[in-house]
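Working from the sequences, and respecting the hints, build out all of it.
Here our numbering = 1-based position in the sequence shown + 109.
By construction, these hints were calculated from the structure, which means they are not laboratory data.
Heads up, simulated EDC-like pairs for lysine to aspartate or glutamate below, C-alpha to C-alpha not over 16 angstroms straight-line:
| id | residue 1 | residue 2 |
| --- | --- | --- |
| 1 | 164 | 186 |
| 2 | 164 | 234 |
| 3 | 164 | 147 |
| 4 | 164 | 174 |
| 5 | 125 | 147 |
| 6 | 164 | 200 |
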Amino acid sequence: MNATAARRLVWDWPDKGTDRATVLTTPDGLQISGQHAETRYWLHTDPNHAAISLKVQVDRAQPLDLRRDRDGWHHLDGSLIPGSAMAIDPDIACTALTNTLPIRRLGPGIGDTAAMDVLYLPVPDLTPRIVQQRYTRTDDGYRYQNLQSGFEALLSVDNDGWVTDYPGVCRMMEPPQ
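Take a look at the structure:
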């Protein structure tokens with residue numbers, strides 16, 4: 110992508126609606142805003158695609174607003190989410206967009222694998238918890254595994270690393286012009 114470029118992304122979630130996101134790529138990182146049904150999200154990363162701030166709001170409820178530093182993820186009141194020091198990436202349950210962050214940052218070669226702690230946010234309750242995930246580069250994309258639940262899927266991605274097919278979950282569509 111260009112030094113400063115915007116991209117609109119749309120995913121169809123069968124029986125669960127559409128997830129729409131706008132991604133602004135700048136030299137300072139990504140600035141993302143999106144919405145899936147009643148859930149809105151805003152995410153900023155550094156130039157290496159490591160998340161530095163995240164805000165998620167479901168319907169009209171109080172938003173969850175978090176910042177990340179070397180100690181981990183913090184609420185705006187400064188309270189630390191326990192065990193989050195190694196959780197560079199968030200995983201918002203209602204969007205495939207957050208799967209792209211570790212894919213783009215790690216960029217493993219075919220056969221390479223990377224396991225990591227992530228800050229998982231279930232929707233609609235938004236109670237953050239740390240889970241372990243693994244990404245393995247395959248000929249066809251990336252094998253994603255949630256190491257706690259045993260869930261796994263083979264993710265297809267485009268040339269920029271955005272998830273285009275998350276089998277049984279969602280599929281990228283062409284955004285309306």
